[in-house]
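*Asks:* Sequence:
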Amino acid sequence: PSLCTNNQTLVVELVLLGFGNLQQLQNILFLLFLIIYITTLTGNLIVISLILLNPRLHTPMYFFLCNLSLCEIIFTSNIVPNMLSTVWGGGGTLTIYGCFTQFYIYTATGSVECLLLTIMAFDRHLAICNPLRYSTMMNFRICKYLALCAWLSGFLIMSSITLTIFQLELCGSNIIDHIFCDLAPILNMSSTDTFLVESEVFVVAIALSLLPFVFIVGSYTSIFCTIVKISSATGRQKAFYTCSSHLASVCCYFGTLFTIYLFPSQGRSVTVNKILSLLYTVVTPLLNPMIYSLRNQEMKDSFFLQSNLKKGRRWINS
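Heads up, the sequence shown is in this note's numbering, so the first residue is 33 and it goes up one at a time.
Just so you know, the hints here were simulated from the structure itself, not pulled from any lab data.
Please read all numbers here as calculations on a predicted model, not as lab measurements.
From the three backbone atoms N, C-alpha and C, an ideal C-beta is built for every residue, glycine too.
A hint or two may mislead.
For each label pair, taking beta carbons as the anchor points, the in silico distance ranges come out as [stated by the list, open to error]:
#: 1; residue 1: L242; residue 2: H90; range: 25 to 35 Å
#: 2; residue 1: N162; residue 2: L66; range: 18 to 28 Å
#: 3; residue 1: T291; residue 2: L63; range: 21 to 31 Å
#: 4; residue 1: L242; residue 2: A280; range: 32 to 42 Å
#: 5; residue 1: L77; residue 2: L228; range: 36 to 46 Å
#: 6; residue 1: L66; residue 2: E330; range: 25 to 35 Å
Produce the complete structure using the sequences and hints provided.
*Replies:* Structure representation (structure tokens):
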């Protein structure tokens, strides 16, 4: 039997308010988010294409970067198209199944990204701190195994969380004052005890975000200690630039993630929470390809090489 009270109904469809309080900026917001989305897709697709087309980039670091870009595409494509529809219409609806699907993909790809960033830190640690053993410890077979583990871990673990949440009975108001289906608004609608879900989420959050972050900090502490010991200034600079792009990506990703989910949100307004969620779901996937392209000479060289090859082919064909 349903646990909903007489004056409550079982929720089967959810209403996302989005930025309903900024109705006068509807057209501007829609255009802005559309441009960001197209730029994000284009940037990450360019990164993947450059890595696949240039044999010089067929190394562990770029293999994991290719996986990261693919993860970013899935992550942002799960959120932004529906958000565009919500912004354009001043609000939007999702079935309960659509909401849980969005939540599952959002959390699964977010978890995969945490794990991929951790693997990339481990890769940089081996390359700088154990260069003689790097080629044997990080061969292509091991790289594929690590990437596969990251994808399977994220999607399998979050499927368990999502199924647990799906068993909750959601009653009462079906209005979510947010830009997508996040955990807190879903739990607020539950008429059943959410302690089990919250406990499971807490354990998974530690395993898939906090522990990876601690591992990354430890890896970079070791890396910086090794870089300081390098006698050559050129060697130190080269080692630092090898890590700078990944470190910038880690700071951007975990900074917004922890601000949203680890720090208390009671004192923040709904609008501030939405803006922080935008930074995590929209801006971070936009910045990653820029970080890896603008601060990476090999990526820039590969881009110009492919551009010159295309120009050469057009000149020959003409």
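*Asks:* Confirm or reject each hint.
*Replies:* Hint check:
no. : hint                      : verdict
1   : L242 <-> H90: 25 to 35 Å  : holds, 33 Å
2   : N162 <-> L66: 18 to 28 Å  : violated, 46 Å
3   : T291 <-> L63: 21 to 31 Å  : holds, 27 Å
4   : L242 <-> A280: 32 to 42 Å : violated, 20 Å
5   : L77 <-> L228: 36 to 46 Å  : holds, 40 Å
6   : L66 <-> E330: 25 to 35 Å  : holds, 31 Å
Of the numbered hints given earlier, the model fails hints 2, 4; all others are met.
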